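Trainee: With my numbering applied, the sequence shown corresponds to residues 807 to 1154, in that order.
Wrong hints could be hidden among the right ones.
[Stated by the list, open to error] Label-pair distances were calculated between CB atoms; the ranges are:
1. Asp1027 - Lys952: 39 to 47 angstroms
2. Asp1027 - Ala929: 15 to 23 angstroms
3. Cys979 - Glu1145: 31 to 39 angstroms
4. Lys952 - Gly886: 27 to 35 angstroms
5. Glu1145 - Gly960: 51 to 59 angstroms
6. Arg1018 - Pro1137: 20 to 28 angstroms
7. His1046 - Pro940: 33 to 41 angstroms
8. Asn1042 - Gly886: 43 to 51 angstroms
9. Tyr898 - Arg1081: 36 to 44 angstroms
Honestly, the hints are just simulated from the structure, not real lab data.
Predicted model only: the values in this text are computed from it and were never measured.
C-beta atoms are modelled at their ideal positions from N, C-alpha and C, and glycine is treated no differently.
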Amino acid sequence: MIPNPPQRRYHGNWLQPACCLSTGRCEQAPIWARAKRPHVDGAAIRSHLVCLRLCGGAMVQKPRFARGLSEEFMRDLREGALSGLLDATRTYRLDLQIREDYLNLYHDGKAVLKLEHRPRLSAYRAVIHSKFLPGVELPGPASSRKEHMCFDAGPGFVDAYASQLPKIIANACRYRHSEGAAEEALIRQSLIGSSPVVFIDRQVQVHGVSKRADVIGLTRDGERVILGEVKQGLNNDIQHLIDQLTPYYHIAAGADGCLSNEFAFAYRVVVEQKRELGVLPESIVFPAVPPRVDCLVMLCDYNEKSQLLGRLRGQAARSDLRIWLTCPFGPDYLLSPPEEWEQLCPSA
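Work out the full structure: start from the sequences and follow the hints.
Mentor: So this is what it looks like as structure tokens:
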């Protein structure tokens, strides 16, 4: 049954944009909806992007997993009112992650900013956790959303935010978690030339899966996508890592073990946009053909004699996933070459 044309931007999983959406020229449309010729085959597009001509426009089914910023958002970041955020990202060594028409800025594993695009208003909303705001002065008006404060990110907000970042970071450091800090160190180190993997996403949430995947990366040769889990020290969750990886692997990978078309399209957009914003090396290019998906367990500062590792190996041996293990150590947490990773399952 075809749903009635919605009055809002989203109506369940449906979006009704302006007519220009079907031509790919709508700058405010989500990246997955306005792509004129996505780099995936037509059958895959028809399976999850169903275009119906209604009221002179198009209705598009929202994909289960999407990434990317609108053209308007990208332009404002590069050269518009939001360009100061990129300067702050470099100055304070923040980790910028692209989501579905919003971005996150992280410091030592804590999200110190969520910036949402409000395309109908050509405006932006900044969301910051309340516990990071004591002593911080930001222009209003502000509203609360559970444990967060929301600000209209209008003219002057970015400059004010950048000036208050030292206080926000100092507050966030009080809640610093060693595992989140190790995860961010791995991401930062992956951007240098000697790392075999470049991490392009973190804290990955997919509709219908309760837990998040820690990191998604791409090997330098472009032959593999790495689905990674990070654990620090003697975390008891180590023995349950296979259970965490399995649902994400079967969503991200197709029956052939390669990245699904939906994920490949999303991460091709992420790589292109991160390069455009200068937060990813120009040498990193997402391959034209979806690469194979491998799982990598990264045990940071880990005691390799722990019995928990034996339980992990036992679980991995019974799994159908391609799983590898490496144990990076601080303070740099640079990944070792793939030939030094331990194979945890026969199929790898």
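Trainee: Now tell me if each hint is right for this structure.
Mentor: Hint check:
Separation of Asp1027 from Lys952 is about 43 angstroms and conforms to the stated range, judged on CB atoms against 39 to 47 angstroms. Taking 15 to 23 angstroms as the suggested C-beta distance range, the pair Asp1027 and Ala929 does not conform, at roughly 42 angstroms. The hinted window of 31 to 39 angstroms between Cys979 and Glu1145 holds, with their beta carbons roughly 37 angstroms apart. In this structure the supplied range 27 to 35 angstroms holds for Lys952 paired with Gly886, their Cβ-Cβ distance being about 30 angstroms.
Roughly 52 angstroms separates the CB atoms of Glu1145 and Gly960, a value that falls within the hinted 51 to 59 angstroms. Remark: the range hint 20 to 28 angstroms for Arg1018 to Pro1137 is upheld by a beta-carbon distance near 25 angstroms. Evaluation of the 33 to 41 angstroms hint for His1046 and Pro940 yields a pass: the beta carbon distance comes to about 36 angstroms. At roughly 47 angstroms, the beta carbons of Asn1042 and Gly886 sit within the given window of 43 to 51 angstroms.
The hinted range of 36 to 44 angstroms is not satisfied by Tyr898 and Arg1081, whose Cβ atoms lie roughly 21 angstroms apart.
Violated hints, in rising order: 2, 9; the structure is consistent with all others.
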